[in-house]
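Required output: the full structure, derived from the provided sequences and hints.
Residue numbers (numbering that gives the first Met the number 0), protein chains in the order written: chain G, 0 to 356; chain Y, 0 to 477; chain A, 0 to 273.
It should be emphasised that the hints constitute simulated quantities derived from the structure, not laboratory data.
Any given hint could be a false lead.
Dumping the calculated EDC-like pairs for lysine to aspartate or glutamate here, alpha-carbon to alpha-carbon at most 20 Å [said to hold, decoys possible]: (1) Lys190/G to Glu262/Y; (2) Lys363/Y to Asp249/A; (3) Lys114/G to Glu262/Y; (4) Lys28/A to Asp236/Y; (5) Lys425/Y to Asp249/A; (6) Lys110/G to Asp237/A.
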Amino acid sequence: MQWATVEKLPKACITFYRKNRFTKTTNLKMTNLNIKYLGLDLKNPIIAGSSGLTNSIEHLKAIEEAGAGAVVLKSIFEEEIYLEFAHEFSKLGPMDNNLEFLDYYDYQIRKDNLKNYLALISEARKELSIPVIASINCITAQEWGFFARKVEDAGADAIELNMFILPTNLSQTNHDNESMYFDIISRIASKIKIPLAIKISPYFSNLGGIIRDLSFSEIKGLVLFNKFYSPDVDINHQKIISSDVLSHDSDYKLTLRWIGMMANRVNSDLSASTGIHDWQTVVKMLLVGATTVQVVSALYRGGFSVITDMINNLEKWMVANGYDSIGDFRGKLSMDNSTNLAEFERVQFMRNFGEHK
Amino acid sequence: MWRAELRAKTKNKDRMLIQRVKMPELAPGIRVKHQDREVNIGLNPDQAQTEATRCMDCSNPTCIEGCPVSINIPKFIKNIENGEILKAAATLKETNALPAVCGRVCPQEKQCELRCFYVEKLDKPAVAIGHLERFAADFERNSGVSNIPETEKPNGIKIAAVGSGPASLSFAGDMVKYGYDVTVFEALHEIGGVLKYGIPEFRLPNSVVDFELENLRQMGVKFITNFIVGRTSSFDDLHNDGYKGFFIGSGAGLPRFMDIPGENFNAILSSNEYLTRVNLMGAATDKKDTPVLRGKNVAVIGGGNTAMDSVRTALRLGAERAIIIYRRSEAEMPARIEEVQHAKEEGVEFMTLCNPLEYFADGKGRVRRMRLNRMGLGEPDSSGRRRPLPIEGSEFELDVDLVIVAVGVSPNPLVPACLPDLKVTKWGTIVVDEEKMQSSISEMFAGGDIVRGGATVILAMGDGRKAAESMHHFLQKK
Amino acid sequence: MNRIIGKEYFSDKVVKLVVENPLIARSRKPGNFVILRVGEDGERFPLTIAGADPVLGTITLVVQIMGVSSSKLVALEVGENITDLVGPLGKPTHIEHIGTVLAAGGGVGVAPMLPIAEAFKKAGNRVISIIAARNKDLIILEEEIRRWSDEVIVMTDDGSYGRKGLITAGMEEIIKREKIDECIVIGPAIMMKFASILTKKYNIPTQASLNSIMVDGTGMCGACRVTVGGRTKFTCVDGPEFDAHQVDFDEMLIRLGGYIQEEKRAAEIYSQKL
Chain G
0 MQWATVEKLP KACITFYRKN RFTKTTNLKM TNLNIKYLGL DLKNPIIAGS SGLTNSIEHL
60 KAIEEAGAGA VVLKSIFEEE IYLEFAHEFS KLGPMDNNLE FLDYYDYQIR KDNLKNYLAL
120 ISEARKELSI PVIASINCIT AQEWGFFARK VEDAGADAIE LNMFILPTNL SQTNHDNESM
180 YFDIISRIAS KIKIPLAIKI SPYFSNLGGI IRDLSFSEIK GLVLFNKFYS PDVDINHQKI
240 ISSDVLSHDS DYKLTLRWIG MMANRVNSDL SASTGIHDWQ TVVKMLLVGA TTVQVVSALY
300 RGGFSVITDM INNLEKWMVA NGYDSIGDFR GKLSMDNSTN LAEFERVQFM RNFGEHK
Chain Y
0 MWRAELRAKT KNKDRMLIQR VKMPELAPGI RVKHQDREVN IGLNPDQAQT EATRCMDCSN
60 PTCIEGCPVS INIPKFIKNI ENGEILKAAA TLKETNALPA VCGRVCPQEK QCELRCFYVE
120 KLDKPAVAIG HLERFAADFE RNSGVSNIPE TEKPNGIKIA AVGSGPASLS FAGDMVKYGY
180 DVTVFEALHE IGGVLKYGIP EFRLPNSVVD FELENLRQMG VKFITNFIVG RTSSFDDLHN
240 DGYKGFFIGS GAGLPRFMDI PGENFNAILS SNEYLTRVNL MGAATDKKDT PVLRGKNVAV
300 IGGGNTAMDS VRTALRLGAE RAIIIYRRSE AEMPARIEEV QHAKEEGVEF MTLCNPLEYF
360 ADGKGRVRRM RLNRMGLGEP DSSGRRRPLP IEGSEFELDV DLVIVAVGVS PNPLVPACLP
420 DLKVTKWGTI VVDEEKMQSS ISEMFAGGDI VRGGATVILA MGDGRKAAES MHHFLQKK
Chain A
0 MNRIIGKEYF SDKVVKLVVE NPLIARSRKP GNFVILRVGE DGERFPLTIA GADPVLGTIT
60 LVVQIMGVSS SKLVALEVGE NITDLVGPLG KPTHIEHIGT VLAAGGGVGV APMLPIAEAF
120 KKAGNRVISI IAARNKDLII LEEEIRRWSD EVIVMTDDGS YGRKGLITAG MEEIIKREKI
180 DECIVIGPAI MMKFASILTK KYNIPTQASL NSIMVDGTGM CGACRVTVGG RTKFTCVDGP
240 EFDAHQVDFD EMLIRLGGYI QEEKRAAEIY SQKL
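See below:
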């Protein structure tokens, strides 16, 4: 199915949801889906992740109505501010007599964008009873602290740091890149009181080490992993385009693997993200040790009722397997400290392919 | 024609041998002690005539194309060469209501002089059109002879101009020539807008502005001060009083701040506040009641003409260190090169590729220190300018006791707030048809900074002229 | 224009002036202020419009002598003109029928409080007014306030008139006694700060009318900026009234002291001239 423009999807989803409204989630007698994430009480582990769908109060209310345990707002991007600014700049004519007016206009754009974002947070805080997690994405160190404090003042329950420092600066060493993450976290944590989570990409040379080390910093939760638009090539027009806007069914495997491996080695909550499209995958993630799961693409494709579906089926599965609470089975299949996954995988690989000539 | 004779008098190749005149300037050591002494002293008659001789009176004068108000440049310059300075001034007045102002503050190097034959074809310095314009206007002012341009018979139609800055003044000047009954309404107690409150005495003396204003009065333009259109009287009230056409020239008088921690401490001012206190309210002298804060270590944030005006004012008010802090490099500063040059001569320090992060105050709440980042220039973005990026770990601190924030202004929101039907952009500027300067309300026209954001005096004047012509057609058709 | 046609001393420090300005009298709403200038060398400064008569075309100003500008204004006699007067400025008070309103005015803040009390009373509210000052001499407009209030409590710090005590004590008594739907506080910044802390404790929506330093008064310079709810607002165009519980009074107090040295010096020079 070809998704023409992502922007058109949200409306379609709401319409779909409203037309096919399922009955609200009811907690079956004994089953308790409550969990704690980042120190906050959630009524279930399913979170609507940060996306274009978590950008307006109407959507947020619909998400709450569908039963989500929490919601992560669309990211506010420092980059976006500069892009908008540069775009305005590019419209200057040959007589650049507006240069003085526009020279520092990015500060104005930043003020306006922040104003809108903070208003959304305040309104969400007023209208919703589930936790509202703000998401910020910056690239310069001092902006993080500034945004974080404003977001806290506006009433967010927690902040998800959408940190991706693309390692395109080839002259910077691994160490430089990685220490930036820790610097930024310290800087922010020193300025705010609400809990911090950090969403990372898998592009680290020592991913296990980084996950472990981050979990021991000031953050309370790690979100694995961020999903990016992948570049692709349009050979007819001979240009670079983006593809894979939404995740594919099999995309969850990378997350599954790492959550499973790290669940017993970390000092923070783990939130699974990317490729969680059905209730079965939710169960898988919880089994390998995730504290919560975040869904995005599934909502674009199936509407907010997907959340209600997942919760109902999770409950049914728990009842069928005799579990009263999430804690009864979470992490049951996570790798314990003594297992070496790499070795395990190698053995499997050799078993599968070793006999073939 | 006398012009043909004048052209024949000197051969072009001789004209080309003359070097461009250098504007005499007051020595930096002297001028930093005086808020009200002009830096550029002005040409004397000999210098003016010699410079005027350089102009070759091209058959296809491209210089006029570079002028936003289409002054007949060759005509006025040739009048100077011919010794008819008053006629030169009259030529200027045909299209420019404020020639003494423009001669001083226009960025001629980007406008008329950029299109001069010398620059376009000979790769030599342009004829000093700006200096000559100023010479002619000053000569007329000092001569005591007042040349009031002709006006049509009054037609009794009442027109209102909101704001008394360059846009409205040039609009009013043209409308009154067409025969209209023009009243200019000004919110402040003095007329002239940015010419009075924004541009310092050492660049544009208020007395020069007053003289040009008197000219407009003589032509029949009425001025009412202490009148905020939309508050003192509403637009409806003015309609009822019989005004048929409106020109909105309320300017970009809304200061912008950077919103960084500590920015509301005492002794951190917007450039608007600082310049208004000194230029409009005369705060530098004890004679005037309005105070102004003085500092020993003054930092001005920004790189435009306003920043230059602010930092040079601070120097004249006794600063030991007057520093420009700009996040890009000097080459990218929007300020006129002449202003940067003068600032450097006067001892202004330039800390480029630096950006403020936070301010710190003493126990009484007055700023004493600031923290800055050094910036590096990254890849050009879609605008073509290289993007300033903070260099991580480069933070340092600076002792300051007065900070002026000169990072730009935004359009004054007062008038748009009173007119819900008026279409405005997301930046608060009024949307107008670019040729007609007409807004979404048919009898309302607009020009100047309220349409362009913060731009220049001459562009505002060009807008005023365009609006006058087009409102005239609009009203005549009705 | 701007001719003084009436002048009355409430005390040797507080003066009422009636000024002729038909346009402002006609357009003015409760809560608006004007900016004045006395003499060609004078500075621009704000005064709240305490009252207006659109028919006669006059506005009423109440001035407390504090420094050079207020002294110069008060030195004008009936028949003289105020050099420059512009208005009406600021956002008018938001008036609605809400129930019971507690209006608390400190010192010369009672002058701007008067039109607001009047407007709330006319809108059908029950109005309880507390007017307070350091001593009897500084209590003003008591009669006028009584006209527009269901109950008036007068308090002085030293007990020389009315009850002895701070305005916050009087306010708290009333709050404990009956349900207050909205509160207005006008007076010295420090008074508004503590009154606001009090009403926040009881969750009463409160509007404060701020008296920031101003230069142009039309939103052009930012001298009057205050932080409200974490964001910068201009007292002259966004105010002068704001949600008191969101105002950063500590910052405002600092900013009010921004020109203390200069004001002192100017006062010295002025008194030498006299």
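Item to complete: Enumerate the violated hints, using their earlier numbering and listing them in ascending order.
Response: As far as the earlier hints go, only 5 is violated by this structure.
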